[in-house]
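Participant: Given next are the chains, with one letter for each unit.
Number of protein chains: 2
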Amino acid sequence: MKTLIVHAHPEPKSFNSALKDLAVSTLEGAGHEVRVSDLYAMRWKATVDAADYGPAASSPLRVARDSGRAFDTGTLTEDVRAEQEKLLWADTVIFQFPLWWFTMPAILKGWVDRVFTYHFAYGVGEHNETRYGDRYGEGTLAGRRALLSVTVGGAESHYSARGVNGPVDDLLFPIQHGILHYPGLEVLPPFVVYGSDRLTHDDFADVAKAWEQRLLTLGSTEPVPYRRQNHGDYEIPSLRLKDGLEPVGRTGFGLHVSG
Amino acid sequence: MKTLIVHAHPEPKSFNSALKDLAVSTLEGAGHEVRVSDLYAMRWKATVDAADYGPAASSPLRVARDSGRAFDTGTLTEDVRAEQEKLLWADTVIFQFPLWWFTMPAILKGWVDRVFTYHFAYGVGEHNETRYGDRYGEGTLAGRRALLSVTVGGAESHYSARGVNGPVDDLLFPIQHGILHYPGLEVLPPFVVYGSDRLTHDDFADVAKAWEQRLLTLGSTEPVPYRRQNHGDYEIPSLRLKDGLEPVGRTGFGLHVSG
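These protein sequences, in sequence, are chains A and B.
Using my numbering, you'd call the opening residue of the first sequence number -16 and step up by one each time.
Using my numbering, you'd call the opening residue of the second sequence number -16 and step up by one each time.
Quick caveat, the hints were computed from the structure, so don't treat them as lab data.
Being a predicted model, the structure only gives us computed values, none of them experimental.
There could be a bad hint or two in this list.
Same chains, same label: a pair holds when it works inside one copy or across any pair of copies.
DSSO-like cross-link-like pairs, simulated, lysine-lysine; straight-line CA separation at most 30 Å [what the hints assert, rightly or not]: (1) K28 to K225; (2) K(-4) to K225; (3) K28 to K(-4); (4) K192 to K(-4); (5) K28 to K69; (6) K192 to K225; (7) K(-15) to K28; (8) K(-4) to K69.
From just these sequences and the hints, can you work out the full model?
Facilitator: The following block contains the structure:
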């Protein structure tokens, strides 16, 4: 297995960093290759701007068009090209981050905004009567797997089906489905640690054991069965899910999970 | 009306910037006061790190605790204090941004991560048998209103109830409910422009007219009726919505909208 870990926490001694370190040692100990993008240590530039697209950037700037041209001509900045290369090298991508305001920290969002360029992660493939681009289950990153490892401050009940924050699977849907499944990644069920601000030493030992177990069984873990866009479930080009495919009573994001 | 517009697009000649400019001129023309935080123009620092909390930052860094201490002692960085002051000045806050990968651009997420500190936007109020902090409808920003003005590249059907991207109200829920309702803001229904990459000159005239209309009726627009956390709908401290409060068949994020 070739695993890329994308890590987003400012403190090397944090709980998140400990989970990242444990992933590296566990996977390497099992004979796998591991590369780490430690975004804070790399001083990752978080904001998309004209400097990303070099002297040929259009004025006014058109982010999608400019990023696609820079991708096509191999003129994206070196930091972005390096991350795209790592993604193509990997067969498994782990994202380690704290849930800040119910989504990823800005530095990680900025990694997505800059690395997932047009013609690499979107704007790929043909549009015709049966296909609407290579996306949602197809695309540049097809054949690879992704896993979110997330720490949250609140209690598990706050993120349950009736919890005030909303169900954790729904909170993570824009990331798991919208960012990862979109360019073709298969998404494994997330590893979520609740109440991470209040963990005791004993709690950490339990979490570490559970995390090691997840890491050592990545190869046999079934992905979330998100529907593929171009395999008959959706009308083209409205991309509405056809009627009658879902279990009775299912609505919202859950429609896009089959079975 | 005192309106703060938080704007996040790198190109001053973009469609997003035109909507921001139109908001300024329309509101000022109607006699309202307007302030703008143009995050790209301000070269807003997007990433939370120890530098945000000065020489007294703890080591290892504890983001919540350090941000609360810096808030309490008035030692947050000047850029963050200025944004908190603008939020307290405003009675209405408009966020103008393109939906990138189904959420806000990194620079705007970084505004949230850095400005919404502990003791300002979270970690406010008492916890007891009937209250779980001042949040979700109560808090520092209570009595103020917020509005998202968002452009998306895809077609409206892709964001409809059965659309492949997920319903737009669910995609925006982590922002509208999790970021804005949490510290007390009332959230108005969003202004969403679909297919923004393909707008013609005539389309823009229609959008501008609709946007002006929304701006001139902000004061009379009913907010999304998100439930208040401490008003009897939720069990404390599990924060699960009590049984039987929702219309039959409603699930997921929709549970937290009343009526």
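Participant: Measure nothing new, just compare the shortest in-copy and cross-copy C-alpha distances for K(-4) and K225 to 30 Å and report within, between, both or neither.
Facilitator: neither (49 Å within a copy, 39 Å between copies)
Participant: Evaluate K28 and K225 at a C-alpha cut-off of 30 Å and name the case that applies: within, between, both or neither.
Facilitator: neither (41 Å within a copy, 44 Å between copies)
Participant: Should K192 paired with K(-4) be assigned to within, between, both, or neither, using CA atoms and 30 Å as the limit?
Facilitator: Classified as within; 19 Å inside a copy, 53 Å across copies.
Participant: Could you place K28 and K(-4) in one of the four classes (within, between, both, neither) given a Cα distance threshold of 30 Å?
Facilitator: Close inside one copy (22 Å) and across copies (23 Å); limit 30 Å.
Participant: Using 30 Å as the alpha carbon limit, work out where K(-15) and K28 are close: within a copy, between copies, both or neither.
Facilitator: within (25 Å within a copy, 33 Å between copies)
Participant: Indicate which option fits the pair K192, K225 if close means a Cα-Cα distance not exceeding 30 Å: within, between, both or neither.
Facilitator: neither (42 Å within a copy, 34 Å between copies)
Participant: Please sort K(-4) with K69 into within, between, both or neither, judging by C-alpha distance up to 30 Å.
Facilitator: within (25 Å within a copy, 34 Å between copies)
Participant: At most 30 Å between alpha carbons: which applies to K28 and K69, within, between, both or neither?
Facilitator: both (17 Å within a copy, 26 Å between copies)
Hints 1, 2 and 6 from the earlier list are contradicted by this structure; the remaining hints agree with it.
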